[in-house]
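Colleague: Chains as they are written, first to last, in the working numbering: chain A, 1 to 261; chain B, 1 to 261; chain C, 1 to 261; chain D, 1 to 246; chain E, 1 to 246; chain F, 1 to 246.
Everything labelled a hint here was simulated from the structure, so no lab data went into it.
Where is the CB? At the ideal position from N, CA and C, for every residue including glycine.
Keep in mind that a hint or two might mislead.
Stated by the list, open to error - Pairs of lysine-lysine, DSS-like flavour, derived with a Cα cap of 27 Å:
| hint | chain 1 | residue 1 | chain 2 | residue 2 |
| --- | --- | --- | --- | --- |
| 1 | C | LYS234 | F | LYS102 |
| 2 | C | LYS250 | F | LYS207 |
| 3 | B | LYS131 | A | LYS131 |
| 4 | F | LYS207 | C | LYS11 |
| 5 | C | LYS43 | E | LYS216 |
| 6 | F | LYS70 | C | LYS11 |
| 7 | A | LYS11 | D | LYS119 |
As the list claims (entries may be wrong) - Computed spacing ranges between beta-carbons, pair by pair:
| hint | chain 1 | residue 1 | chain 2 | residue 2 | range |
| --- | --- | --- | --- | --- | --- |
| 8 | A | ALA239 | D | HIS223 | 18 to 28 Å |
| 9 | D | ASP195 | C | SER71 | 56 to 66 Å |
| 10 | F | HIS62 | D | ARG96 | 29 to 39 Å |
| 11 | A | GLU122 | D | ARG96 | 22 to 32 Å |
| 12 | E | GLU227 | C | PRO91 | 47 to 57 Å |
| 13 | A | GLU38 | D | GLY19 | 47 to 57 Å |
| 14 | A | ASN259 | F | LEU25 | 45 to 55 Å |
| 15 | E | GLY151 | B | PRO97 | 34 to 44 Å |
| 16 | D | LYS15 | B | GLU65 | 32 to 42 Å |
| 17 | A | ALA239 | B | ASN259 | 34 to 44 Å |
| 18 | C | SER71 | B | PRO97 | 28 to 38 Å |
| 19 | F | ASP87 | C | GLY21 | 18 to 28 Å |
| 20 | A | GLU38 | F | ASP68 | 36 to 46 Å |
| 21 | F | ASP87 | A | ASN259 | 42 to 52 Å |
As the list claims (entries may be wrong) - Covered stretches of chain F, as calculated for chain C (at least 3 residues, CB under 8 Å):
| hint | segment |
| --- | --- |
| 22 | 55–66 |
| 23 | 183–196 |
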Amino acid sequence: MGLEIMDDIRKDYVYDVLRSGKRVDGRGFREYRAISVERDVMKRAEGSALVKIGDTEVLVGVKLEPGEPFSDAPDKGIIMTNAELVPMASPEFEPGPPNENSVELARVVDRGIRGSEAIDLEKLCIEEGEKVWMIFIDIHVLDNDGNLVDAAALGAIASLLNFRIPNERYGLTGEDSLPMRDTPVAVTTVKIGGDVLADPNLYEESAATSRLTVISNADGALSGMQKSGNGELKEEEIAEMVEIGIEKAKEIRENYLSNFL
Amino acid sequence: MGLEIMDDIRKDYVYDVLRSGKRVDGRGFREYRAISVERDVMKRAEGSALVKIGDTEVLVGVKLEPGEPFSDAPDKGIIMTNAELVPMASPEFEPGPPNENSVELARVVDRGIRGSEAIDLEKLCIEEGEKVWMIFIDIHVLDNDGNLVDAAALGAIASLLNFRIPNERYGLTGEDSLPMRDTPVAVTTVKIGGDVLADPNLYEESAATSRLTVISNADGALSGMQKSGNGELKEEEIAEMVEIGIEKAKEIRENYLSNFL
Amino acid sequence: MGLEIMDDIRKDYVYDVLRSGKRVDGRGFREYRAISVERDVMKRAEGSALVKIGDTEVLVGVKLEPGEPFSDAPDKGIIMTNAELVPMASPEFEPGPPNENSVELARVVDRGIRGSEAIDLEKLCIEEGEKVWMIFIDIHVLDNDGNLVDAAALGAIASLLNFRIPNERYGLTGEDSLPMRDTPVAVTTVKIGGDVLADPNLYEESAATSRLTVISNADGALSGMQKSGNGELKEEEIAEMVEIGIEKAKEIRENYLSNFL
Amino acid sequence: MKEGEKEIELIKKGKRLDGRGFEELRPIKIEVGVLKRADGSCYFEMGNNKVMAAVYGPREMHPRHFQDAKMAVVKYRYNMAPFSVDDRKRPGPDRRSVEISKVSREAFDPVIIKEYYPKTAIDVYVEVLQSDAGTRTAGINAASVALADAGIPMKDMVSSVAVGKIGGEVVLDLSGVEDNHGEADMPIAMVARTDTITMLQMDGHFKKEEFERGLKLAMDACHKIYELQRTALIERYSKSVGEGEE
Amino acid sequence: MKEGEKEIELIKKGKRLDGRGFEELRPIKIEVGVLKRADGSCYFEMGNNKVMAAVYGPREMHPRHFQDAKMAVVKYRYNMAPFSVDDRKRPGPDRRSVEISKVSREAFDPVIIKEYYPKTAIDVYVEVLQSDAGTRTAGINAASVALADAGIPMKDMVSSVAVGKIGGEVVLDLSGVEDNHGEADMPIAMVARTDTITMLQMDGHFKKEEFERGLKLAMDACHKIYELQRTALIERYSKSVGEGEE
Amino acid sequence: MKEGEKEIELIKKGKRLDGRGFEELRPIKIEVGVLKRADGSCYFEMGNNKVMAAVYGPREMHPRHFQDAKMAVVKYRYNMAPFSVDDRKRPGPDRRSVEISKVSREAFDPVIIKEYYPKTAIDVYVEVLQSDAGTRTAGINAASVALADAGIPMKDMVSSVAVGKIGGEVVLDLSGVEDNHGEADMPIAMVARTDTITMLQMDGHFKKEEFERGLKLAMDACHKIYELQRTALIERYSKSVGEGEE
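This is chain A alone, in the form it adopts within the complex (with noise of 0.2 Å):
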């Protein structure tokens, strides 16, 4: 009852402060947080990196192990993503196997790498039909403030960026690095009242009633979509989101993640 109320005085106060053209933190409609992002944070994974979009902090690592090709695929190696709300990143969260949202968040960040088919599967393959390298993609959350599967898309890619092959771990041979073919980047719009604006934080989630992720790739073209939240969207606002997504991401690519390459 208190939360519901509490939620309610937030999402008014967004909308003042928009109807006055304003974001409650000040930004520009399309202006995203401080964003940083280090990378090799923690040794014990094959790649990690640790984003902050504004208070939002997400943790990221990479691990390979060797496990059994899929059947229809027996030279190809494959890709597990899976997203973790610990308690820690928000009171909302609880402890507990994966829920919808992270579920949800975990599959649309898979979706963008495996969509630019930014790692080349097939040099992931030890042995065909019998042994590939399984790449574990695992999204800890830290701090929730809002626009987690950028912050956990961004941390994908920058711990891709350069992760080591455990080749000696397992008593195999070959090449220790796999360089990524692509660097896709998410970037979340949400629609509120008639506005669309980029990089939401935690206040500006609850009050917006859409909200599209669009990954892209180097080129430009779409890798993944996801649209959530309990609202409708019209074909302009889609071009509009779809216009801010490419743009941001190029901008987000060039700033975060070329020197990484």
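Starting from the structure of chain A, add chains B, C, D, E and F where the hints point.
Modeller: The following block gives chains B, C, D, E and F in isolation, referenced to the frame of chain A:
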């Protein structure tokens, strides 16, 4: 609370009508509702059947996969029978793992198939001790108006008559079909007050204290039985139920299975 | 509510009696209740023991199965210790997966066996890197009147003395027995007020603020320890508890295990 | 899109493998009110997809602490029968079905008038009985009709279809083989009356222009599906009235 | 019946492998009131089966929304210890134990006078410690005595045994090897005083006449078991009284 | 201790592999108040261990039937990130983390003044991000600071460290390689102000004298850690005050 009252009213109604020597839907005491059996309805399944008994509707699908044999039967295929009481089929069914009712349903159907030795499990051996066919019989209940077990058992044996063995999909060779050696048919009767009724509908099920399922083979012998419900049965009542079971199974076999043989 | 009041009354009773220098059942502060150990009580198990300490009753069964070794110990057998606090044993126990109490019980018993190196795990290798014996130690609590851990640990080591290796069942050859290299014994003391009591019964357990289990070997050295409970312990209290632990373990080993060696 | 071989030629002489043109839907079959116990139901075929939708409610929500004092709570469960796919699916929800259930529920959020039934639950159940790509869209189409059949008040129905890219061409309503060997897939759901999108997912590789063309194509197709949904309901309704008069 | 080789000769010179005649029970041993914490308990051996039953209740039912305002709710949990079988059983309920728990609970439903204790729970726990075919019947026999020991009001006790077919003969109370290599198995539970059946399961191959003969055989044996159950309770009761006088 | 080869020489010329003396702690780094959403938080490094602790509460306890009418309920969740160890850890609690969570919670039970906040919950979450032996002690140290940062009333802070035995020597604060190849490990938690032990676990092989020496060593080290915890909190506090004045 509301539900319990409805339940009592329904039971009273069944009793009242029975007192005047009739069933709520006007059937004879040993009479089944209209039965229909459609086969090969779902093409992803290696065998399937849609069975209707009155408004009760059960879909059964048979799938085959190669798997490891049990260590104490290295040259025999494996039968796995599973029932899903999906919440679509009744306001009383809830999503989640199998509960005691769906487990019992699956196990009683399984018992009839297994007890009758309808399937020649040795013919499902691919490589002794290494690889055998696992037959998955999946019972998917679509609409529950009572007597699920007879519908499910009929669907199971109908699906098994002439199922395909998917050798090609798994790069194997061998016979693509396996004739059944028997046709077990389940017949369920209930005891309400002093009366014994065949093929109970949902109202009758809720008014019954005991239910007995009798599964019999083409030779008239019994291959499985299960009493359920919180009542007791006298020896002579069981005798009557078994007699009805054998008699009705013969009829059902002739009317609804013989055309598939 | 009712239960909490009973709990308080029970605690008060324990305190009152202690104030007069006695325990509720008249024992000395370092005195155990009557102990009995029966071995080879369950013939499906490869080793078993029924241990009673007063009214506390714990059945332990040991089973062996071939399995794959861990990759970092390819030539060593595997110990798996599991405890079931089945609801039969206490009105407080509930059916369901292991909770923190049963997990702790199993892990403390396991720690003693492992820390003492009682089992020569290298002798349980069947084929290096491929197949080793897995020893399952299953603790089945039948009646809980306090101090489960000492009863369970005693049952575990008693079951392990002279267990059979089921080579024949798995078509293997080799020694059918494996002598233990040590006999770890657990001794639990509790602190109630300023007093330290050995072998707490259920009343005393509920009145105690801290509990310390001390597991020691035949040579008098410690192989495992565990404090539990929401109280604190001074260094000198721990020293006293360790002293009691080592002394009592020696007595129990002589009285209840030496006849099995 | 699965990681399989991609060397299959999906377009021959300007036609797709099943003979369809690029902008052509698979055959659709709709049956309304086919289940007795459910408050509303619909059997829906789209090509080789066979799905059944059932609706229960508005009914009491339990456990009670999940109730919403201001409106009905809509739940949506997308489930695949174990035998609906080539490799048997283990019963119970997996991550894929959890996500599909979420976006499908959200596809109906804007149209169901939940305020009419505070504290209640509206349960939508979709069972996939036979699958051939596009089951989530078939499920949404079926659920839409089942909701109407159950008398749940809605601003309007929701219609759904996917577009994709195969052999470099943007095409409507991918079949299973096209999905497995194609380059992109984008399922959408739409309120036909207002031309507003309530579900949108995409994966693969779509240039911006391809995406725009695909979205238009899908939106047009949703209008066609909407007409079929309406027609099926009207037929069912007139039949009921007819039956009532007998 | 397991799918194993069936070539074992189970009957030699008119006797079974363990020397029993066709209509002979395995040795039975009953101990009453063996557990301290439980309200009632019974340790029961039937041949090589060793089971323990404990009863708690009537006690508060929680969670409360499972309470029945008119009567006690009876719960029954049949569980096998991991070391009770040759191949270690993984802890926790499996499908077999779920079904056995259900039919065992129903076996007691007609005799327990639940109306005396509305809103409460009566919990029956059966632990199989060593198994050799017939554990569900041994469990029911033990539970019956434990319920009486706990003072739960019952119209009468329930007794239980199986009949089966081996080497073409209808025989009483199958042992493990007979069950594995036999042709049919039929466990029943019965209220001896009224000769009414409260549990009946069967699988295998029984001609109608064999079934009828088997049923009679099992019912007769239940009377014998009933006497043993009564005797054990009387002994326990007189001992208690005796102890009280000391 | 893992069952690995033990032939590694852990002590060379009186020094440990990482150059430490026997009674030397690994480098410690403490950051206070690093998370926005949590009521209190602490990032803690001890050698190669990296852990984060967060505290929420006192806050409403739900479900309500878990409330304690007389005091706050403290919950503690120790969790390892999947990538915190060499072989990826499957997400979710395992038996090890269940036990660690229990003893860690009990380590704080004597100091948290729970009576101030009846009916509420105080949630302590510890995430291990990178592990190198001693994660439970690092977690307790972090949690202690996070509890203080959250303003939870405590009699005093808790400090924690392990001692062990390697190459026959009793040494402080085992590293991963020392833990894997060592002979004993004993983590403790202590209230430095009162010199009382609130957690004590041990496994391996400790002679009585070794145990006694080890306990003293660990207790001394806890005093050092306590000072670092205090300093970090004071710095944080002065910074906050300073910031407030700007």
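Colleague: Decide, hint by hint, whether the structure agrees.
Modeller: Hints, one by one, checked against the model:
1. Taking the CA atoms of LYS234 (chain C) and LYS102 (chain F), the gap is about 20 Å. The hint holds against a cut of 27 Å.
2. Straight-line distance between C-alpha atoms of LYS250 (chain C) and LYS207 (chain F) comes to about 15 Å, which keeps the hinted pair within the 27 Å bound.
3. At roughly 20 Å between alpha-carbon atoms, LYS131 (chain B) and LYS131 (chain A) fall within 27 Å of each other, so this suggested pair holds.
4. The hinted pair formed by LYS207 (chain F) and LYS11 (chain C) fails the criterion: a straight-line CA distance of about 36 Å is larger than 27 Å.
5. Taking the CA atoms of LYS43 (chain C) and LYS216 (chain E), the gap is near 33 Å; set against the 27 Å cutoff, the hint is violated.
6. Pair hint LYS70 (chain F) plus LYS11 (chain C) holds up; C-alpha atoms about 17 Å apart against a cutoff of 27 Å.
7. A threshold of 27 Å between alpha carbons decides the hint, and for LYS11 (chain A) with LYS119 (chain D) the separation of about 23 Å falls inside it, so the pair holds.
8. Checked against the given bound of 18 to 28 Å, the beta carbons of ALA239 (chain A) and HIS223 (chain D), roughly 19 Å apart, stay inside it.
9. The beta-carbon spacing between ASP195 (chain D) and SER71 (chain C), approximately 58 Å, falls within the hinted interval of 56 to 66 Å.
10. Checked against the given bound of 29 to 39 Å, the beta carbons of HIS62 (chain F) and ARG96 (chain D), roughly 31 Å apart, stay inside it.
11. At about 24 Å, the CB distance of GLU122 (chain A) to ARG96 (chain D) agrees with the hint of 22 to 32 Å.
12. With their beta carbons about 32 Å apart, GLU227 (chain E) and PRO91 (chain C) fall outside the hinted range of 47 to 57 Å.
13. A C-beta distance of roughly 55 Å is found between GLU38 (chain A) and GLY19 (chain D), which places it inside the suggested range of 47 to 57 Å.
14. For ASN259 (chain A) and LEU25 (chain F), the Cβ-Cβ distance of about 36 Å falls outside the hinted range of 45 to 55 Å, so the restraint is violated.
15. Separated by about 36 Å at the C-beta atoms, GLY151 (chain E) and PRO97 (chain B) satisfy the suggested range of 34 to 44 Å.
16. In this structure the supplied range 32 to 42 Å holds for LYS15 (chain D) paired with GLU65 (chain B), their Cβ-Cβ distance being about 35 Å.
17. In this structure the hint that ALA239 (chain A) and ASN259 (chain B) lie 34 to 44 Å apart at CB is violated, the actual value being about 59 Å.
18. Separated by about 32 Å at the C-beta atoms, SER71 (chain C) and PRO97 (chain B) satisfy the suggested range of 28 to 38 Å.
19. ASP87 (chain F) and GLY21 (chain C) have their C-beta atoms about 55 Å apart, which leaves the hinted 18 to 28 Å range violated.
20. Between GLU38 (chain A) and ASP68 (chain F) the beta carbons are some 42 Å apart, a value that agrees with the proposed interval 36 to 46 Å.
21. Judged by the Cβ atoms, the range 42 to 52 Å given for ASP87 (chain F) and ASN259 (chain A) is violated: they are separated by roughly 31 Å.
22. Only when three residues or more bring their CB closer than 8 Å to a CB of chain C does the claim for the segment 55–66 of chain F stand; here the count is 0, and the claim is violated.
23. Restraint check on the segment 183–196 of chain F versus chain C: 6 residues with Cβ-Cβ distances below 8 Å, three needed, restraint holds.
Hint compliance for this structure: hints 4, 5, 12, 14, 17, 19, 21, 22 are broken, all remaining hints hold.
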